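Enquirer: Read off the chains here:
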Amino acid sequence: MADTSMANTEPNILVIDGNPDRAAVVERGLVEAGWVRVSTIGPSVNLLARIQALAPDVIIIDLENPDRDTLEQMFQVSRVVQRPIAMFVDQSDSHMIHAAIDAGVSAYVVDGLRQDRIKPIVETAITRFNAFDRLRRERDEAQSKLQDRKQVEKAKGLLMKHRGLSEEDAYNLMRRTAMKQNRKLSDIAQSVITAFEMEI
Amino acid sequence: MAEIVKLGFAPLVDCAIPVVAAEKGFAAAQGIDLVVERAPSWAALRDKLAFGLVDGAHILAPLALALHHGIAGVPATPVLVPVSLGLGNNAITVSLDLYERMVAVAPDVMAGPAALRARALRPIIDADRAAGKPLLSFVTVFHFSCHHYELLKWLADGGIDGGREVNIGVITPPRMVESLTAGWIDGFCTGEPWNQRAVQRGVGKVVVTKADIRPDGLEKVLGLRTDWAEEHPARVAALVRAIVNAAEWSRDPGNRAELARLLAEAQYVGLSADLIELTLRGAIPAPNRNRPDVADAYRLLLEMTAAGQIDLSADDRTALAEAVWRPDLYDEAMGI
Numbered sequence: 044m045a046d047t048s049m050a051n052t053e054p055n056i057l058v059i060d061g062n063p064d065r066a067a068v069v070e071r072g073l074v075e076a077g078w079v080r081v082s083t084i085g086p087s088v089n090l091l092a093r094i095q096a097l098a099p100d101v102i103i104i105d106l107e108n109p110d111r112d113t114l115e116q117m118f119q120v121s122r123v124v125q126r127p128i129a130m131f132v133d134q135s136d137s138h139m140i141h142a143a144i145d146a147g148v149s150a151y152v153v154d155g156l157r158q159d160r161i162k163p164i165v166e167t168a169i170t171r172f173n174a175f176d177r178l179r180r181e182r183d184e185a186q187s188k189l190q191d192r193k194q195v196e197k198a199k200g201l202l203m204k205h206r207g208l209s210e211e212d213a214y215n216l217m218r219r220t221a222m223k224q225n226r227k228l229s230d231i232a233q234s235v236i237t238a239f240e241m242e243i
Numbered sequence: 002m003a004e005i006v007k008l009g010f011a012p013l014v015d016c017a018i019p020v021v022a023a024e025k026g027f028a029a030a031q032g033i034d035l036v037v038e039r040a041p042s043w044a045a046l047r048d049k050l051a052f053g054l055v056d057g058a059h060i061l062a063p064l065a066l067a068l069h070h071g072i073a074g075v076p077a078t079p080v081l082v083p084v085s086l087g088l089g090n091n092a093i094t095v096s097l098d099l100y101e102r103m104v105a106v107a108p109d110v111m112a113g114p115a116a117l118r119a120r121a122l123r124p125i126i127d128a129d130r131a132a133g134k135p136l137l138s139f140v141t142v143f144h145f146s147c148h149h150y151e152l153l154k155w156l157a158d159g160g161i162d163g164g165r166e167v168n169i170g171v172i173t174p175p176r177m178v179e180s181l182t183a184g185w186i187d188g189f190c191t192g193e194p195w196n197q198r199a200v201q202r203g204v205g206k207v208v209v210t211k212a213d214i215r216p217d218g219l220e221k222v223l224g225l226r227t228d229w230a231e232e233h234p235a236r237v238a239a240l241v242r243a244i245v246n247a248a249e250w251s252r253d254p255g256n257r258a259e260l261a262r263l264l265a266e267a268q269y270v271g272l273s274a275d276l277i278e279l280t281l282r283g284a285i286p287a288p289n290r291n292r293p294d295v296a297d298a299y300r301l302l303l304e305m306t307a308a309g310q311i312d313l314s315a316d317d318r319t320a321l322a323e324a325v326w327r328p329d330l331y332d333e334a335m336g337i
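Respectively, the protein sequence lines represent chains H and V.
Residue numbering for the first sequence follows the working numbering, beginning at 44 and increasing consecutively.
Residue numbering for the second sequence follows the working numbering, beginning at 2 and increasing consecutively.
In case anyone wonders, no lab produced these hints; they're calculated from the structure.
The model shown is predicted, which means the values in this text are computed figures rather than measured ones.
We put the CB at the ideal spot given by N, CA and C, even for glycine.
Be careful, since some hints might not be right.
Unchecked claim - Short, incomplete list of chain V residues facing chain H, as computed with Cβ under 7 Å:
| # | residue |
| --- | --- |
| 1 | Pro-41 |
| 2 | Trp-43 |
| 3 | Trp-185 |
| 4 | Val-245 |
What the hints assert, rightly or not - The following label-pair restraints were derived from C-beta to C-beta distances:
| # | chain 1 | residue 1 | chain 2 | residue 2 | range |
| --- | --- | --- | --- | --- | --- |
| 5 | H | Asn-89 | V | Arg-123 | 52 to 62 Å |
| 6 | V | Leu-97 | H | Gln-95 | 20 to 30 Å |
| 7 | V | Arg-165 | H | Gly-85 | 30 to 40 Å |
| 8 | H | Asp-159 | V | Glu-232 | 34 to 44 Å |
| 9 | H | Leu-208 | V | Val-36 | 21 to 31 Å |
| 10 | H | Gly-85 | V | Asp-98 | 26 to 36 Å |
| 11 | H | Gly-85 | V | Thr-319 | 40 to 50 Å |
| 12 | H | Leu-97 | V | Gly-53 | 26 to 36 Å |
| 13 | V | Ala-287 | H | Ser-234 | 46 to 56 Å |
| 14 | V | Pro-234 | H | Asn-89 | 41 to 51 Å |
| 15 | V | Val-106 | H | Ala-98 | 51 to 61 Å |
| 16 | H | Asn-173 | V | Pro-234 | 34 to 44 Å |
| 17 | V | Val-104 | H | His-138 | 54 to 64 Å |
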């Protein structure tokens, strides 16, 4: 019994995100930090019906999500959702508002929920949004590096095959050209590949 | 070194004027470097304006009043309107299913004037209530929008109380057709091309257009942060001139095809140029409508009052309208 009453005092958190991967990262972060009542919904659902059914106390939604206009209307019309909801918890906390905007987080909170209970939820969401961004950036960089390496290998192979250069000479030729033209090695590799493709 | 001015815009055809001002050199000719930033929702645009991420925005006329008055979901942010941008080309579309019911129960009404067609909803609403069915659901683009008030007015002219007898929600226009197709909603009020798209896909029928509900009703304005505008009066004047010149260029039928191609670009509206060209009508106000008219603001405040969004005395309404609508700044910029 004690557990049930504990659970019911926990805020009911809903994460809405057009990017399901990020929604999962945010949800996991919240659950790991100790909030147990967390659900997520993605784009293209009947948002009105889903939110009425879930009756969340806190909604975390990505700032750029076009469904925000739908949410705002629902919160204006008390008939649809029981209590009015304010945006950005404590509107005097401009530091947090700017941190949220920078991270791309927007939050809606049922009026009456204590601010000291909301703040850590929003802060966790901000941290997870930032972490997700960092991960995505690192992944993109790693992918582009891998792509660059593949191109250099391909260009080297073409020079070896069609110009009879050794592997070392082929590489040095491209590197010297890159330095001379002040361009990236991968750009030179791409030019080499294009040149050979055009000959064919 | 040109002075930078940052404006937010929503990806709709009536963002044409600020985009043209930035792209066709009208801002540069006035000595300002105009940067335009796209926002995916009215809420996002309002946030950018309220938290100072932009100096001004292409904005729904009633939203400018709501923001100034502090009822737009963010702290009250003083804004002013030195120039008007557009009159809109809205229409109300209902699902095929609802349209067929309307024709079946009230063929005479449906054959009559479009402004009164909501009368055909009366027997449907009564029958649904008796059968214990849920209310009909309509959506508009935002709660502080002319679309919302136009829908309410059309319903009221047909004897329907939009505040009680139907549900009115909000869905972003690009998702309206999908929601109508899925049966989540029974109708919507929005600008083009979304009404035409529902008709083309065979999922909806246009029952009335703005011309029948509120002809010549103002819809979009340029809203500037008052603190920014007061700090940079010369930039405001330069911006107003750039906007007026851009509107003149946009109005020229000879530029229509080029304008449609420009707006079709992904960073602006991002729809096909052909579709945009068809819907440009109404997006560019007549020359005499660029100057802000306080009467427009006052009428909007009356509509906001009727919609239960704001509660002000007549004096306070006038004061609010005059604080936000600033024809004096327009006159000053244009040397009138």
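Enquirer: A range of 21 to 31 Å was offered for this pair. Does it hold for the Cβ distance of Leu-208 of chain H and Val-36 of chain V?
Expert: Given about 49 Å between the Cβ atoms, the range is violated.
Enquirer: Quick check on Trp-43 of chain V please, does its C-beta sit within 7 Å of some C-beta on chain H?
Expert: holds (5 Å)
Enquirer: Does the Cβ-Cβ separation between Val-106 of chain V and Ala-98 of chain H fall within 51 to 61 Å?
Expert: violated (36 Å)
Enquirer: Okay, Asn-173 of chain H versus Pro-234 of chain V on CB: inside 34 to 44 Å?
Expert: Holds, at about 39 Å.
Enquirer: Quick check on the hint: Val-245 of chain V CB to chain H CB, less than 7 Å?
Expert: With Cβ-Cβ at 30 Å, over 7 Å, it is violated.
Enquirer: Can you tell me whether the CB distance of Gly-85 of chain H to Asp-98 of chain V sits inside 26 to 36 Å?
Expert: Given a distance of about 27 Å, which is inside 26 to 36 Å, the answer is holds.
Enquirer: Quick check: does the Cβ-Cβ distance between Val-104 of chain V and His-138 of chain H fall within 54 to 64 Å?
Expert: holds (58 Å)
Enquirer: Hint Pro-41 of chain V vs chain H: min CB-CB distance below 7 Å?
Expert: Nearest chain H Cβ about 5 Å off; hint holds.
Enquirer: Measuring from beta carbon to beta carbon, are Asn-89 of chain H and Arg-123 of chain V in 52 to 62 Å?
Expert: violated (27 Å)
Enquirer: Does 41 to 51 Å hold as the CB distance between Pro-234 of chain V and Asn-89 of chain H, or does it fail?
Expert: Once the Cβ atoms are compared, 49 Å apart, the range 41 to 51 Å for Asn-89 of chain H and Pro-234 of chain V holds.
Enquirer: Hint check: is the beta carbon of Trp-185 of chain V less than 7 Å from a beta carbon of chain H?
Expert: holds (5 Å)
Enquirer: Can you tell me whether the CB distance of Asp-159 of chain H to Glu-232 of chain V sits inside 34 to 44 Å?
Expert: Distance hint for Asp-159 of chain H, Glu-232 of chain V holds at roughly 37 Å.
The structure fails to meet hints 4, 5, 9, 15 from the earlier list, while all remaining hints are met.
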